[in-house]
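Colleague: Now for the letters of each chain:
Protein chains: 2
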Amino acid sequence: MTITDTPIRLPIPPLPRGFRVAAVHAGIKRNASREDVTLVASDLPATAAGVYTTNLVYAAPVAYDRSLTPGRNFRGVAINSGNANACTGARGLDDARAMAAAAGKLIGAAADEVLVLSTGIIGEFLPLEKITRGLEQAAARLAVDDDAVVTAARGMMTTDTRPKLAGSTFAADGTAYTLFGMAKGAAMIGPRLATMLGVVLTDAAIEPADAERLLREAAETSFNCVSVDGHMSTNDTVLLLANGAAGGGTLHGAGLAAFGRSLSAACETLAREMADDGEGATHVMRIEVTGCATRDEARQVARTIADSPLVKTAVHGADPNWGRIVSAAGYSGVRFDPTQVRLRLNGTLLFQAGAPVPFDADAVSASIKAARETLIELELGSGPGAIRFYSSDLTAEYVHLNADYHT
Amino acid sequence: MTITDTPIRLPIPPLPRGFRVAAVHAGIKRNASREDVTLVASDLPATAAGVYTTNLVYAAPVAYDRSLTPGRNFRGVAINSGNANACTGARGLDDARAMAAAAGKLIGAAADEVLVLSTGIIGEFLPLEKITRGLEQAAARLAVDDDAVVTAARGMMTTDTRPKLAGSTFAADGTAYTLFGMAKGAAMIGPRLATMLGVVLTDAAIEPADAERLLREAAETSFNCVSVDGHMSTNDTVLLLANGAAGGGTLHGAGLAAFGRSLSAACETLAREMADDGEGATHVMRIEVTGCATRDEARQVARTIADSPLVKTAVHGADPNWGRIVSAAGYSGVRFDPTQVRLRLNGTLLFQAGAPVPFDADAVSASIKAARETLIELELGSGPGAIRFYSSDLTAEYVHLNADYHT
Numbered sequence: 001m002t003i004t005d006t007p008i009r010l011p012i013p014p015l016p017r018g019f020r021v022a023a024v025h026a027g028i029k030r031n032a033s034r035e036d037v038t039l040v041a042s043d044l045p046a047t048a049a050g051v052y053t054t055n056l057v058y059a060a061p062v063a064y065d066r067s068l069t070p071g072r073n074f075r076g077v078a079i080n081s082g083n084a085n086a087c088t089g090a091r092g093l094d095d096a097r098a099m100a101a102a103a104g105k106l107i108g109a110a111a112d113e114v115l116v117l118s119t120g121i122i123g124e125f126l127p128l129e130k131i132t133r134g135l136e137q138a139a140a141r142l143a144v145d146d147d148a149v150v151t152a153a154r155g156m157m158t159t160d161t162r163p164k165l166a167g168s169t170f171a172a173d174g175t176a177y178t179l180f181g182m183a184k185g186a187a188m189i190g191p192r193l194a195t196m197l198g199v200v201l202t203d204a205a206i207e208p209a210d211a212e213r214l215l216r217e218a219a220e221t222s223f224n225c226v227s228v229d230g231h232m233s234t235n236d237t238v239l240l241l242a243n244g245a246a247g248g249g250t251l252h253g254a255g256l257a258a259f260g261r262s263l264s265a266a267c268e269t270l271a272r273e274m275a276d277d278g279e280g281a282t283h284v285m286r287i288e289v290t291g292c293a294t295r296d297e298a299r300q301v302a303r304t305i306a307d308s309p310l311v312k313t314a315v316h317g318a319d320p321n322w323g324r325i326v327s328a329a330g331y332s333g334v335r336f337d338p339t340q341v342r343l344r345l346n347g348t349l350l351f352q353a354g355a356p357v358p359f360d361a362d363a364v365s366a367s368i369k370a371a372r373e374t375l376i377e378l379e380l381g382s383g384p385g386a387i388r389f390y391s392s393d394l395t396a397e398y399v400h401l402n403a404d405y406h407t
Numbered sequence: 001m002t003i004t005d006t007p008i009r010l011p012i013p014p015l016p017r018g019f020r021v022a023a024v025h026a027g028i029k030r031n032a033s034r035e036d037v038t039l040v041a042s043d044l045p046a047t048a049a050g051v052y053t054t055n056l057v058y059a060a061p062v063a064y065d066r067s068l069t070p071g072r073n074f075r076g077v078a079i080n081s082g083n084a085n086a087c088t089g090a091r092g093l094d095d096a097r098a099m100a101a102a103a104g105k106l107i108g109a110a111a112d113e114v115l116v117l118s119t120g121i122i123g124e125f126l127p128l129e130k131i132t133r134g135l136e137q138a139a140a141r142l143a144v145d146d147d148a149v150v151t152a153a154r155g156m157m158t159t160d161t162r163p164k165l166a167g168s169t170f171a172a173d174g175t176a177y178t179l180f181g182m183a184k185g186a187a188m189i190g191p192r193l194a195t196m197l198g199v200v201l202t203d204a205a206i207e208p209a210d211a212e213r214l215l216r217e218a219a220e221t222s223f224n225c226v227s228v229d230g231h232m233s234t235n236d237t238v239l240l241l242a243n244g245a246a247g248g249g250t251l252h253g254a255g256l257a258a259f260g261r262s263l264s265a266a267c268e269t270l271a272r273e274m275a276d277d278g279e280g281a282t283h284v285m286r287i288e289v290t291g292c293a294t295r296d297e298a299r300q301v302a303r304t305i306a307d308s309p310l311v312k313t314a315v316h317g318a319d320p321n322w323g324r325i326v327s328a329a330g331y332s333g334v335r336f337d338p339t340q341v342r343l344r345l346n347g348t349l350l351f352q353a354g355a356p357v358p359f360d361a362d363a364v365s366a367s368i369k370a371a372r373e374t375l376i377e378l379e380l381g382s383g384p385g386a387i388r389f390y391s392s393d394l395t396a397e398y399v400h401l402n403a404d405y406h407t
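Chains as they are written, first to last, in this note's numbering: chain A, 1 to 407; chain B, 1 to 407.
Hints listed in this document are in silico derivations from the structure and should not be mistaken for laboratory results.
The beta carbon of each residue, even a glycine, is placed where N, CA and C say it ideally should be.
Hints are supplied without guarantee of correctness; some may be wrong.
[Unchecked claim] Rough simulated footprint, nothing fancy, chain B against chain A, three-plus residues with beta-carbon under 8 angstroms:
hint : stretch
1    : 84-93
2    : 320-334
[Claimed, not checked] Partial chain B-side listing against chain A, Cβ under 8 angstroms, derived:
hint : residue
3    : G123
4    : A314
5    : G330
6    : A355
7    : P356
8    : V399
9    : N402
Please build the complete structure, drawing on both the sequences and the hints.
Modeller: Here is the structure:
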């Protein structure tokens, strides 16, 4: 495959120093042009942290990774798509460990120095032979170029239409660092860490506890603020690996804060990409809720709006239907005074003081039609709690994809 | 109109003694063949109770009725469709009272002896002249025959494809009583008393406090156990009127319990009808959750399954996708032990002890295709908490209805 086959937003971000990646088609997915095994290798031992699904029914790779992070001395991540290794009991956990061991053997690491990610069909055992062979082929191709990066991100994809990449640089005490992220997710995207996989790599050196804390904070305002269908997966995982290859020593203080900002920005980019690539989506909804008592309350209001099929279909139909938005806020469970509410759609004021205001419905409808992103701004009062939340609209194509294809 | 035009499940239940109904087209709906004003009159003063939306953004008729119920001496209900009188501020409340006063004048009652229900477009003022004229015409046609009953139920409808009726009889101390219910609702049907209107009439005599308590209990296992799209409306209301026209004295003890059972059965029938008539629905899902600690926990699990677009589309596609059902339960927020879970779909065991069991997927798929109702039975453990919940599947037609038509 060549990267020109892949619809992707340029530029492709560079890998941080000391990381190499590769992906191959190992035969898990039926379509031979789709990569399904990705290997991420770190030349140096890396700090790793993870955030995971809160679904009670969680998959074997989640159990495996959660038992190991946060920690030091990680050397890589083995990833497969096409099979989630979920609802597979004790054998599933053995298989996750075997997959980590197989990858570790190829890069000179122990099983517990490699993390694993799986996504795809639920309830079937991992095809370990195919995965092991795929990892062998991938290990032979580990590279740092754009083609390797895009292929690696494609190897995580299921129904995604494009790989999701983010990158940034930051500096601390005269050292320049690179941060890179890749993710997948287009459905079973729920509001509290969704059916998604994400891998964030940096060449900074970070203490495990700091990595864990900053990854959690970044997820709070990114992966926990995105929804396609509100259905939380069994496999959601975001991993952060920090290998220190840039030199400059372990980050603390202002350097650590700079890393945290870079991490949050990359996570938000990846989260927005998931909503944008939501199954069948024709619009990405950016929902800005302000004036709540707390950020959690703002998120709860935003999530209720984001998950309302009536709001999602209204956006799809370019209908400036303030009633659906305001009434969704009203049943979110968050207390507010309806007479203090103010709603703007794509910048136009539609509702305030408990009643609609006159507006040019045709113009607002045209603005929805004209852009991929629809902006919903809802002020609920004067409190400090605010959130930005991304969601997709609901289309007949989403229904076709999920009714007509078995997963 | 003649009742043969109307798809309806026969037999049409009779009105309790002492109640008369009528409906007319008053020009609120554009289509002149659609009734939009309904009048319910009680010849005797009736006890009335109500349950209402818990949406913070509630409509004027909700505010008006809630201020009056529970109580005695009610003489009727004035209902309009096509305009919800929601988000209409102080004028909306004045309009609700004026509508009650207009109806009261026609049947010899004060404004506060008449309750009002409105459903339809949000954010526009009631067309009071049209409604008053419609009430006058309806008052002249009040009747008890099947045609009047079906027309009255049609006068509440918005996107419903058919009127929703329920009826039963019960006896206490040698007196025979009749109970009658009519309701509307096909979208904005949320899980905690949904966008729906319901009116239940009985010729029994009931104390206001008993009427209130039993109506709440009945709603808990009927209207609070139904979902089309999880979006809670601003106007949800169920009213119960009990006029004592059957004689036999005020019900207590065993007689009151018999009434309560009759009331619950009628409410469940109406609630199921709403899910069955869900916008675009091709299936009604009956979700039976058992083995929880409490009924509320069982309802929370059932609601999460009912509202998952992935479960809804799987049922639409006749896909026995146990993974979507089990994983929805897993993110419901209710604690359970996944190894104790047992799932049946249309009677076939699909999942137990934390893993899928072998089953004939083609046969189960065929059973989904063959019937309007799909039965999902989920055992989560050995607790006493159980619930029955109704929902509709999600189809492209739902998307078309809500994206392409403005409400």
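Colleague: Look at each hint and say if it fits the structure.
Modeller: Verification of the supplied hints:
1. 84-93: Check passed, 4 qualifying residues.
2. 320-334: holds (count 10)
3. G123: holds, 4 angstroms
4. A314: Since the shortest Cβ distance to chain A is 7 angstroms, the answer is holds.
5. G330: holds, 3 angstroms
6. A355: At about 5 angstroms, which falls below the 8 angstroms cut-off, the nearest Cβ of chain A leaves the hint on B/A355 intact, so it holds.
7. P356: Hint holds; B/P356 Cβ to chain A Cβ min 4 angstroms, cut 8 angstroms.
8. V399: This hint holds: B/V399 lies near chain A, its Cβ roughly 5 angstroms from the closest one there, short of 8 angstroms.
9. N402: This hint holds: B/N402 lies near chain A, its Cβ roughly 4 angstroms from the closest one there, short of 8 angstroms.
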